[in-house]
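Residue numbers (this note's numbering), protein chains in the order written: chain A, 1 to 246; chain B, 1 to 246.
No lab work stands behind these hints, which were simulated from the structure alone.
Some clues are possibly wrong.
Where chains are identical, the list cannot tell them apart; a pair therefore holds if satisfied intra-copy or between any two copies.
Below, simulated DSS-like cross-link-like pairs (lysine-lysine); rule was C-alpha separation at most 25 Å, straight line [said to hold, decoys possible]:
id: 1; residue 1: 71; residue 2: 245
id: 2; residue 1: 118; residue 2: 245
id: 3; residue 1: 18; residue 2: 245
Protein chains: 2
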Amino acid sequence: MMNTALHEQAWSNPLLRKLDSIADISDEEKQAILDLPAAVKVCEADVDIVREGECSTDCVLILNGFVCRYKIMPDGRRQIMGFYILGDIPDLQSLHLHVMDNSLVALVRSSIALIPRKSLRDMLRRHPDLSDVLWRDTLIETAMVREWLIGLGRRSAYQRIAHLLCELHVRLRAVGLARENGCELPITQTEFADALGLSTVHVNRVLQDLRRDGLIVLRGSMLEIPDWRALQDAGEFDPAYLHLKR
Amino acid sequence: MMNTALHEQAWSNPLLRKLDSIADISDEEKQAILDLPAAVKVCEADVDIVREGECSTDCVLILNGFVCRYKIMPDGRRQIMGFYILGDIPDLQSLHLHVMDNSLVALVRSSIALIPRKSLRDMLRRHPDLSDVLWRDTLIETAMVREWLIGLGRRSAYQRIAHLLCELHVRLRAVGLARENGCELPITQTEFADALGLSTVHVNRVLQDLRRDGLIVLRGSMLEIPDWRALQDAGEFDPAYLHLKR
DNA sequence: CGTACGATTGAGAGACTTCAACAAACGTGG
DNA sequence: CCACGTTTGTTGAAGTCTCTCAATCGTACG
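Go ahead and model the full structure; you've got the sequences and the hints to work with.
Here it is, written out as structure tokens:
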């Protein structure tokens, strides 16, 4: 039976909200998470949160905004490898991999919580079940990267964009940040291009195709999806790899 | 100080050999790994080890041979997402993700050890440090997938192939399966194509370019790398993402 | 009201694909 | 040990998806 006050607090805590979408957490474990020390920090758009080569002592938890993981190639081009939203802990990997092999940047003004790595480790030692949940979370992230890989390897630009839009929409919904038929998506065409291995010119043209086909309505950062099923089919999107509870 | 008999055994145990390359393991932990129950099984070439949608009760450890992870697209094309060799536990994800979202197949006759998931879990509960090491291993795999992603997104076919050859060679060396200037690589051009998001025709032509440029000598499944540094430069290969100890 | 960044458009080029055929290598059975 | 079929590797030619370059347009913001 769930404690009501705790339940209130739990929903307002982004990490709990997210973990709740991928696993069952006991009240005791919820309390342990709420008890974690955290320093809140606001990052302006285009400011790096963690840089390649660094070894940070804190883990980053996204409270709001939009963050992405990227790497710069020797020739200056950029590859984006993941988008992160409320509740995500993008550098959970720093718990066990001490030197970052990629960077994190805020796409828009975002607030993040910095949790001392040591506090997190100690807490996970006391709650091995929670440790498993976070491990599970990192495995889900791997599954997302793999699905992304499939797109870059075997899907057309049209499919790739449709697929990414589906994924982002589903993830935003899972943490309560999207309506059934749309969401806010503060991602520029340049960022789509860097994420999907395309040029901005091509992204622009394919987005027009998607609009022309009535699959999306994209004005500024507002995305509308008139026919979800159609977009899903266009992107060959199957949410199984996200391993959500429902 | 290390127990000599244990040391002997450790080197002959593929899992220990591999974990040893990414972390420091205590004698007690080594013994715990050696005590794991395991059923050895031989898989013929092109036989699936785990299939998408399944929920296996065992974890797969590769004892020898060559295994890859793949997914089939609706149109029948295949994307390979990873290669696995001695010591790898490709479906460690099944510890926490109960339904497989991709498949594993043996590329050549391979032997694998099946470790009951429950035994592994119980052992990890008794040795939280080992749990962290395996978690670390899955995080390294994520890093490999990300690097692969970068290749598909931003590297030319020529670079991609060079990069993959470098990675495989380094990983084979880490577990003692490669000479300094070459190794055995039982991967067909079709498999390279499916792994790198290319057509077999193009793989064939680019391999010829690599040969012409003196970067590789590839006869059958024997790979020679006359000038490692040159191949590394061609593929923009930086082993940092493998997070090896030395 | 200028400036800057993102979105859009046109035209030409290039990397990679597809189709199709053929050669070489390999394992297997007679 | 050779014949044979199957798999893997190789080659040519035509096509296409996507890129690069370069210019223009819109809009938010100081």
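Right, here's what the structure says about each hint:
1. 71 <-> 245: Classified as between: cross-chain Cα gap 22 Å, same-chain 31 Å, threshold 25 Å.
2. 118 <-> 245: Between copies, since 22 Å is at most 25 Å while 29 Å is not.
3. 18 <-> 245: Within one copy only: 11 Å inside, 33 Å across.
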